[in-house]
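So the sequence lines, in the order shown, correspond to chains A and B.
Take the first sequence: its position 307, counting from 1, is numbered 307 in the numbering used here, and each next residue is one higher.
Take the second sequence: its position 235, counting from 1, is numbered 235 in the numbering used here, and each next residue is one higher.
Calculated from the structure, these hints are not laboratory results.
As the structure is a computational prediction, the values presented were derived from the model and not from experiment.
Possibly wrong hints are sitting among the right ones.
[Claimed, not checked] With a straight-line Cα cutoff of 30 Å, these simulated DSBU-like cross-link-like pairs (lysine-lysine) come out: (1) Lys-408/A - Lys-113/B; (2) Lys-408/A - Lys-122/B; (3) Lys-408/A - Lys-348/A; (4) Lys-233/A - Lys-4/A; (5) Lys-233/A - Lys-137/A; (6) Lys-4/A - Lys-143/A.
[As the list claims (entries may be wrong)] From the structure, some residues in chain A lie toward chain B, with a derived Cβ separation under 7 Å: (7) Glu-15; (8) Phe-17; (9) Asp-82; (10) Ile-341; (11) Gln-362; (12) Phe-364; (13) Ser-368; (14) Gly-370; (15) Ser-372; (16) Arg-391; (17) Pro-395.
By construction, the Cβ of each residue, glycine as well, lies at the ideal position given by its N, Cα and C atoms.
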Amino acid sequence: MPPKFVEDRRKAALEVFESEPLPTWRRSGFWTTTVRKLQLDELEPRRYEPLAELPEIVRDHLGDEEHAALVVQRGASIVYSDVSDPGVTVMSLEQAVEEHPELVEWYFAKRLPYDEGKFPAATAAFWTGGVFIHVPKNVQVEKPIQVVWLIDEPGTAQYAHTLAVVEELAECKIREYCLAPRIEGQALHAGAFELYALPGSHVNLAHYQDWGTGEVYDISTKRVEIRRDAQVKWVPVHLGGHMTKQTLDIITAEQGSDMRHTGMYFTEREEHLDLFTSDKHEEGHTTGDTVWKGALTGDSRASYEGLIHIVPGAQETDTYLQTHQMLLSPKAKGDAIPSLIVETDNVKASHGGTVGELDEEQIFYMMSRGLSRTEAVRVLVEGYFEEVVQRLEDPGLEALIRRRIAEKLRGAEAQVAEFVAGRAET
Amino acid sequence: MTLEIQNLHVRVEEREILHGVDLVVKRGETHALMGPNGSGKSTLANSLMGNPSYEITEGKILLNGEDLTEADPDERARAGLFMAFQYPATIPGVSVANFLRMAMNAKREEPIKVKEFGALLKENMDLLRIDRAFTSRYLNEGFSGGEKKRAEILQLAMLQPDFAVLDETDSGLDIDALRIVADGVNAMTSDERGFLIITHYTRILGYVRPDFVHIMLNGRIVREGGAELADELEEKGYEWVREEVGAGAS
């Protein structure tokens with residue numbers, strides 16, 4: 001029997017879920033994200049038996065890199081778990097609430113209220129499996145701790161919850177992958193992620209999402225709390241998803257805390273991506289640096305809003321946010337909105353945003369050196385992302401992202417070249 | 001083997017800038033094209049390279065007999081033409097070394113071997129006194145004016161084109177940088193290559209001696225001669241040309 005704190009939260013969340021209508025998110029007057037085509041009642045949390053071997057799509061993304069721990073959740077079940085570093089605890093959250101109830105209760109959902117809307121409530125009420133990561137005080141873990149969320153059948157509803165606690169002065173790398181092969185039909189990943197980086201800890205955190213070309217909805221909330229003198233570098237990468245609505249919040253909660261947030265997205269076809277990120281400074285003498293870059297092809301839609309929020313009293317905060325978006329198709333639509341709420345004085349906070357297209361002068365320059373128009377466009381887009389890829393400090397992930405972006409560009413090559421050439425003639 | 005410009009008329013945004021330019025550069029020759037600001041020098045350079053913002057309305061560009069008037073810039077580059085830009089574009093995320101390798105490979109059947117490329121790069125960087133760390137920087141990003149010009153000449157040295165157009169490569173350089181660039185150009189001059197050096201000032205011509213000098217005014221070449229024409233221009237200034245042309249016209 002799970003402990004009361006888990007059951008109580010499930011019950012309370014279920015009430016919220018049942019009373020809330022399906023949401024529609026609106027931004028800046030004209031940007032709307034809806035889930036009206038999602039047939040939620042047709043989806044179910046599918047359970048699976050453990051796997052002896054990793055599925056191909058997982059192997060393909062993880063490569064041969066060694067890990068400190070690897071957990072794979074397929075649908076509603078943890079199907080693979082391999083913890084090779086005895087210094088850390090990585091297990092299903094269901095197991096953790098049984099085996100380490102005090103530790104889990106202290107942090108569980110501390111920054112994730114269950115009443116933030118229908119989908120967060122659904123996740124809080126229905127999560128199964130789940131992942132618990134605990135890195136004890138003073139422990140340094142070199143190899144990455146990897147978590148995979150896999151959806152490989154239509155009709156799947158995956159309610160995900162990851163709780164990660166990195167204790168004082170500990171250091172680790174955590175990577176989460178959201179993967180799906182091409183599936184025919186609908187699926188849902190409603191996720192919750194929380195990381196608590198305790199004083200003096202250092203965490204490199206990455207979220208890699210590629211839900212493939214199927215009709216996968218991803219509605220998730222991810223929160224990171226950074227305590228005194230701790231640092232988190234967070235890299236969310238969105239390379240595929242039919243409909244994605246995510247809220248990513250970083251809270252520098254105590255002085256000396258520092259965050260580096262580097263995000264990327266590449267949308268194709270009819271994909272719809274709606275991202276909201278916030279960089280919240282709850283105390284002064286905290287620092288932040290956020291850079292997001294995206295590119296849009298096909299008929300895709302991508303909206304990014306990045307907020308810097310400095311609360312009263314958080315003086316001497318020094319933070320920066322920039323967001324860039326590149327349109328590679330006449331039918332793609334996007335916006336990139338940096339915003340700022342500063343409720344105190346004596347801070348440094350700046351932000352900037354651009355939405356642009358490829359510059360014809362750059363293309364001409366490259367062509368004058370013998371590169372074809374198509375090559376020039378490819379090199380420019382790869383170069384555009386390369387600036388952020390270089391910030392990742394994670395060669396394995398960098399290589400994967402470069403490879404996937406190159407593949408996506410090859411797929412869109414003819415269309416992008418036509419767009420750019422057509423523009424040159426007008 | 002020649003670069004031949006025949007009766008070239010060029011329009012930019014509905015306004016004709018070049019009104020019939022004729023110029024022939026043979027391999028082994030160095031030509032200087034001089035003129036005051038706004039005379040059409042950069043328009044000629046950009047039209048030669050095929051900049052899509054410049055519309056050729058009449059006339060022809062021939063390279064080794066091949067008509068390139070309608071060709072895309074990359075075809076012109078592969079045919080043996082090169083232009084050192086006055087204001088080269090910044091290419092974020094692409095290192096100098098990577099860009100050079102891509103540009104070299106664009107003209108080759110087989111990609112250049114890493115070792116061969118490295119050796120060639122080192123040789124040319126030594127020639128242009130460019131620091132090693134330079135090659136891993138993103139192309140032109142955060143470069144000083146002098147660094148940009150040197151990066152252009154480095155590309156020229158690596159790509160070894162048949163004909164090179166230098167669009168005001170000397171402008172904005174201090175005398176030391178100018179000498180380095182001029183040394184680079186001199187090291188490249190040979191019987192195999194033609195140069196068209198576009199400049200506002202005569203200063204670079206003290207280091208790179210032209211075989212022919214052409215003076216452009218209001219979209220036409222109005223005076224032609226040998227190196228002594230540059231000396232005369234240095235002495236008398238562009239006003240002299242304007243008056244001469246004006247007197248001839250009236």
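Point to revise | Numbers of unmet hints, in rising order | key: 2, 3, 4, 6, 7, 8, 9, 10, 16 and 17
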